[in-house]
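Participant: Now for the letters of each chain:
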Amino acid sequence: KNEVEQSPQNLTAQEGEFITINCSYSVGISALHWLQQHPGGGIVSLFMLSSGKKKHGRLIATINIQEKHSSLHITASHPRDSAVYICAAGGNGQNFVFGPGTRLSVLP
Amino acid sequence: DTEVTQTPKHLVMGMTNKKSLKCEQHMGHRAMYWYKQKAKKPPELMFVYSYEKLSINESVPSRFSPECPNSSLLNLHLHALQPEDSALYLCASSQEGQGETEAFFGQGTRLTVV
Numbered sequence: 003k004n005e006v007e008q009s010p011q012n013l014t015a016q017e018g019e020f021i022t023i024n025c026s027y028s029v030g031i032s033a034l035h036w037l038q039q040h041p042g043g044g045i046v047s048l049f050m051l052s053s054g055k056k057k058h059g060r061l062i063a064t065i066n067i068q069e070k071h072s073s074l075h076i077t078a079s080h081p082r083d084s085a086v087y088i089c090a091a092g093g094n095g096q097n098f099v100f101g102p103g104t105r106l107s108v109l110p
Numbered sequence: 312d313t314e315v316t317q318t319p320k321h322l323v324m325g326m327t328n329k330k331s332l333k334c335e336q337h338m339g340h341r342a343m344y345w346y347k348q349k350a351k352k353p354p355e356l357m358f359v360y361s362y363e364k365l366s367i368n369e370s371v372p373s374r375f376s377p378e379c380p381n382s383s384l385l386n387l388h389l390h391a392l393q394p395e396d397s398a399l400y401l402c403a404s405s406q407e408g409q410g411e412t413e414a415f416f417g418q419g420t421r422l423t424v425v
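So the protein sequences, as listed, match chains A and B. Just so it is clear: in the first sequence, position 105 is 107 by my numbering, and no numbers are missing. Just so it is clear: in the second sequence, position 50 is 361 by my numbering, and no numbers are missing.
In case anyone wonders, no lab produced these hints; they're calculated from the structure. Heads up, some of the hints might be wrong.
To be verified - The calculated lysine-lysine pairs, modelled on BS3-like cross-linking and capped at a C-alpha distance of 27 Å, are:
{"hint": "1", "chain 1": "B", "residue 1": "LYS320", "chain 2": "B", "residue 2": "LYS352"}
{"hint": "2", "chain 1": "B", "residue 1": "LYS333", "chain 2": "B", "residue 2": "LYS352"}
{"hint": "3", "chain 1": "B", "residue 1": "LYS330", "chain 2": "B", "residue 2": "LYS349"}
{"hint": "4", "chain 1": "B", "residue 1": "LYS347", "chain 2": "A", "residue 2": "LYS3"}
{"hint": "5", "chain 1": "B", "residue 1": "LYS347", "chain 2": "B", "residue 2": "LYS320"}
{"hint": "6", "chain 1": "B", "residue 1": "LYS330", "chain 2": "B", "residue 2": "LYS352"}
{"hint": "7", "chain 1": "A", "residue 1": "LYS3", "chain 2": "B", "residue 2": "LYS364"}
{"hint": "8", "chain 1": "B", "residue 1": "LYS352", "chain 2": "A", "residue 2": "LYS70"}
{"hint": "9", "chain 1": "B", "residue 1": "LYS349", "chain 2": "B", "residue 2": "LYS320"}
{"hint": "10", "chain 1": "A", "residue 1": "LYS3", "chain 2": "B", "residue 2": "LYS351"}
{"hint": "11", "chain 1": "B", "residue 1": "LYS320", "chain 2": "B", "residue 2": "LYS330"}
{"hint": "12", "chain 1": "A", "residue 1": "LYS3", "chain 2": "B", "residue 2": "LYS352"}
{"hint": "13", "chain 1": "B", "residue 1": "LYS329", "chain 2": "B", "residue 2": "LYS347"}
{"hint": "14", "chain 1": "B", "residue 1": "LYS329", "chain 2": "B", "residue 2": "LYS364"}
{"hint": "15", "chain 1": "A", "residue 1": "LYS3", "chain 2": "B", "residue 2": "LYS349"}
{"hint": "16", "chain 1": "B", "residue 1": "LYS333", "chain 2": "B", "residue 2": "LYS320"}
{"hint": "17", "chain 1": "A", "residue 1": "LYS70", "chain 2": "B", "residue 2": "LYS351"}
{"hint": "18", "chain 1": "B", "residue 1": "LYS330", "chain 2": "B", "residue 2": "LYS351"}
Values in this document were obtained by computation on a predicted structure and should not be read as measured data.
All chains should be built: construct the whole structure from the sequences, respecting the hints.
Facilitator: Written as structure tokens, this is what we have:
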């Protein structure tokens with residue numbers, strides 16, 4: 003059974019700071035997903051990664067398949083980035099396995 | 312259209328009521344999911360439909376009854392719920408199942424059982 007861990011669990015940053023959230027998983031996967039959940043509840047898919055690196059605006063996601071590790075970076079953080087960030091492992095015959103989430107607060 | 316639409320957004324129901332949650336997507340996705348999420352916890356998988364057939368039931372109590380009338384619609388029928396069933400219920404869809412393709416989530420239905 004795949005287990006997904008995230009660190010840190012909670013993160014408070016000042017506006018403009020560079021932020022890194024880490025995710026590790028225990029079993030080989032074919033896709034790693036980064037999701038964002040705002041207090042209202044809806045979840046937005048940010049990235050789906052199977053190798054390398056992806057960038058979208060101020061967000062960058064990387065994955066190291068050999069080390070079973072992924073990171074989500076936010077550059078020039080802004081209060082509107084405050085949300086829960088969830089990584090989820092998928093593929094290889096199993097449905098999404100969610101990490102516990104990282105609660106990010108960006109202060110103005 | 313890359314949206315998954317869930318209705319209603321909020322629902323309060325008594326323990327003897329029968330109600331239904333609705334989920335709709337028009338992206339041609341063949342896999343649809345129901346998740347239950349309690350406060351400050353990650354979503355927990357309840358059901359997966361693949362090509363309109365129930366493929367996974369994660370030992371969910373029978374008071375929750377899913378239905379997939381067609382490839383765009385997914386319902387969750389609720390009957391005789393308990394207060395501990397109060398949670399955010401999320402629907403999602405993806406082109407294929409098993410986390411191999413990007414998943415799109417709805418805004419959720421926040422359910423309160425009184």
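Participant: Next step is simple, just say for each hint if it's right about the structure.
Facilitator: These are the hints, each one checked on the structure:
Annotation: proposed proximity of LYS320/B to LYS352/B holds, straight-line Cα distance about 19 Å (limit 27 Å). At most 27 Å may separate the alpha-carbon atoms for a hinted pair to count; LYS333/B and LYS352/B meet this at roughly 23 Å. Simply put, LYS330/B and LYS349/B have alpha-carbon atoms about 20 Å apart, close enough for the 27 Å limit, and the pair holds. A hinted pair counts as satisfied when its Cα atoms are at most 27 Å apart, and LYS347/B with LYS3/A qualifies at roughly 20 Å.
A distance of roughly 14 Å separates the Cα atoms of LYS347/B and LYS320/B; the hinted pair therefore holds under the 27 Å criterion. The suggested pairing of LYS330/B with LYS352/B holds, with an alpha-carbon distance near 25 Å, which does not exceed 27 Å. Between LYS3/A and LYS364/B the CA atoms are separated by roughly 24 Å; this keeps the pair inside 27 Å, and the hint holds. The straight-line distance between the Cα atoms of LYS352/B and LYS70/A is roughly 23 Å, inside the 27 Å bound, and the hint therefore holds.
Between the alpha carbons of LYS349/B and LYS320/B the distance comes to roughly 16 Å, so the proposed pair stays at or under 27 Å and holds. For the hint linking LYS3/A to LYS351/B, the alpha-carbon distance of about 23 Å falls within 27 Å, and the restraint holds. In summary, the hint linking LYS320/B to LYS330/B is supported, as the alpha carbons are separated by about 13 Å, within the 27 Å threshold. Proximity of LYS3/A to LYS352/B is assessed by CA-CA distance (about 19 Å); at most 27 Å being required, the pair is judged to hold.
This hinted pair checks out: LYS329/B and LYS347/B have alpha carbons roughly 18 Å apart, not beyond 27 Å. With a CA separation close to 23 Å, the supplied pair LYS329/B and LYS364/B stays within the 27 Å bound. A hinted pair counts as satisfied when its Cα atoms are at most 27 Å apart, and LYS3/A with LYS349/B qualifies at roughly 22 Å. A hinted pair counts as satisfied when its Cα atoms are at most 27 Å apart, and LYS333/B with LYS320/B qualifies at roughly 10 Å.
Taking the CA atoms of LYS70/A and LYS351/B, the gap is about 25 Å. The hint holds against a cut of 27 Å. The hinted pair formed by LYS330/B and LYS351/B meets the criterion: a straight-line CA distance of about 25 Å does not exceed 27 Å.
The structure agrees with every numbered hint stated previously.
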